[in-house]
Amino acid sequence: MIFDASILFQIAGIGIIVAMIHTILKQMGKEEIAHFATLVGFIIVLAIVINGLSDLFQKIKSVFLLQG
Amino acid sequence: MEIVQLVMIGIIASIFYLILQEFGAPIGYLIILVTSILIFSVVINHISDVFELIHNLGERASIEGMYIETILKIVGIAYLTELGSSLTKDAGLLSIATKIELAGKVFILVISIPIMTALLEAIINFLPVH
Chain B
6 MIFDASILFQ IAGIGIIVAM IHTILKQMGK EEIAHFATLV GFIIVLAIVI NGLSDLFQKI
66 KSVFLLQG
Chain A
45 MEIVQLVMIG IIASIFYLIL QEFGAPIGYL IILVTSILIF SVVINHISDV FELIHNLGER
105 ASIEGMYIET ILKIVGIAYL TELGSSLTKD AGLLSIATKI ELAGKVFILV ISIPIMTALL
165 EAIINFLPVH
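First to last, the sequence lines map onto chains B and A. This note's numbering applies: residue 6 is where the first sequence begins, and numbers increase by one. This note's numbering applies: residue 45 is where the second sequence begins, and numbers increase by one.
A hint or two may mislead.
[To be verified] Pairs of lysine-lysine, BS3-like flavour, derived with a Cα cap of 27 Å:
1) B:Lys-31 <-> A:Lys-149
2) A:Lys-117 <-> B:Lys-66
3) A:Lys-117 <-> B:Lys-64
4) A:Lys-143 <-> A:Lys-117
5) A:Lys-133 <-> B:Lys-66
6) A:Lys-149 <-> A:Lys-133
7) A:Lys-117 <-> B:Lys-35
8) B:Lys-66 <-> A:Lys-143
9) A:Lys-133 <-> A:Lys-117
10) A:Lys-133 <-> A:Lys-143
[Claimed, not checked] The following label-pair restraints were derived from C-beta to C-beta distances:
11) A:Ser-139 <-> B:Ile-48: 22 to 28 Å
12) B:Ile-49 <-> A:Ala-105: 50 to 56 Å
13) B:Lys-66 <-> A:Ser-58: 28 to 34 Å
If you're looking for bench data, these hints aren't it; they were derived computationally from the structure. C-beta: ideal position from N, C-alpha, C; glycine also.
With the rest of the complex left out, here is chain A (with noise of 0.2 Å):
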């Protein structure tokens, strides 16, 4: 049960930030990030397994390997983001939190153009235009 182990990680590391806030040191900040840091990196590993699975299941339906990847793609900026904006959060800069988000939406955005023209190619190539 490593949720158990997570969870413990979590309340060990509030008591600590708590304990540390007291003597007013910036430490306390780097104990959130090497708690996020844990958990991130053990979510990781079991991520990688079900987008192991995701890449199996779209190659026996033969899907094409580019759409696939995009959309892998697409997920891990989407945590890359998320992780830099909550710690950003965390330290008390909105404004730079938002645009770490506004960032992450750019670059989804940008990675995202191949599909969106192969699209727009599809619906065109339907219509009978003369």
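Extracted from the complex, chain B is given alone in its bound form (with noise of 0.2 Å):
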């Protein structure tokens, strides 16, 4: 495999428990804590997904000859 997929389930996976915790934290009346870790999940995917996003856009300037 040329590429790694595995970032996908990562992804999907931390979802997932962040709602996990969201709701489970809803239940036990903590309602600003539960959106305070729906944040911080959507905060760690957010640096993988910039990692990634900022690899491509490099590739992209290199493939396309758009250096300045």
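Once you've looked at the hints, go ahead and assemble the two chains, each given alone in its own frame, into the complex.
The structure is reproduced here in structure tokens:
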């Protein structure tokens, strides 16, 4: 396999776990902490995604001669 | 057969998206983003092969390098614009997607200015102007 698709499964797993935490905290009556947990999960996933995005943009720049 | 893998990645991503949508999580959008990145970064390797071929053909036909480079740049801008605008459309921001497309068109026009001026110069040279 040339490319790495495991990042997709990682993100889906993080998403499901964060959704579960959100639901449990909501049931416990701690809405603020639930929203905070969702936000933290989102930021973690975003940090993963941004790396891939910057790699892709570098590649596009080098292939399409878009330097400067 | 890379295409089978890409199609499977697309299907799996849509399943994950549907699951995460049920929870109402904003991470569903990041699934779309990651899938786009994965598919695009696979495709771009093959695009670079094709571009190498085009470069070689152009050199053999002794076409000036500037023209082929401009065409490659235009294709690159078109691909990037398409990626950005479709991702923005998926997030539901239709007006920003339209603006991105507008920006892409304008930049393509700006890049093609030297070729247009060269063409106009050629035409003016042909005309018998006193």
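Here is how each hint holds up against the structure:
1. Note on B:Lys-31 and A:Lys-149: the hinted pairing is violated, with a Cα-Cα distance of about 47 Å set against a maximum of 27 Å.
2. A threshold of 27 Å between alpha carbons decides the hint, and for A:Lys-117 with B:Lys-66 the separation of about 9 Å falls inside it, so the pair holds.
3. Between A:Lys-117 and B:Lys-64, the direct Cα distance comes to roughly 13 Å. Compliance with the 27 Å bound is thereby established for this hinted pair.
4. Straight-line distance between C-alpha atoms of A:Lys-143 and A:Lys-117 comes to about 20 Å, which keeps the hinted pair within the 27 Å bound.
5. Under the criterion of a C-alpha separation no larger than 27 Å, the hint pairing A:Lys-133 with B:Lys-66 is consistent with the structure, at around 23 Å.
6. Restraint check for A:Lys-149 and A:Lys-133: satisfied, since their Cα atoms lie roughly 17 Å apart, inside the 27 Å limit.
7. Taking the CA atoms of A:Lys-117 and B:Lys-35, the gap is near 52 Å; set against the 27 Å cutoff, the hint is violated.
8. For a cut-off of 27 Å, the pair hint linking B:Lys-66 to A:Lys-143 stands: about 22 Å separates their Cα positions.
9. This hinted pair checks out: A:Lys-133 and A:Lys-117 have alpha carbons roughly 24 Å apart, not beyond 27 Å.
10. Pair hint A:Lys-133 plus A:Lys-143 holds up; C-alpha atoms about 11 Å apart against a cutoff of 27 Å.
11. Between A:Ser-139 and B:Ile-48 the beta carbons are some 27 Å apart, a value that agrees with the proposed interval 22 to 28 Å.
12. Checked against the hint of 50 to 56 Å, the pair B:Ile-49 and A:Ala-105 passes, with Cβ atoms roughly 52 Å apart.
13. Roughly 29 Å separates the CB atoms of B:Lys-66 and A:Ser-58, a value that falls within the hinted 28 to 34 Å.
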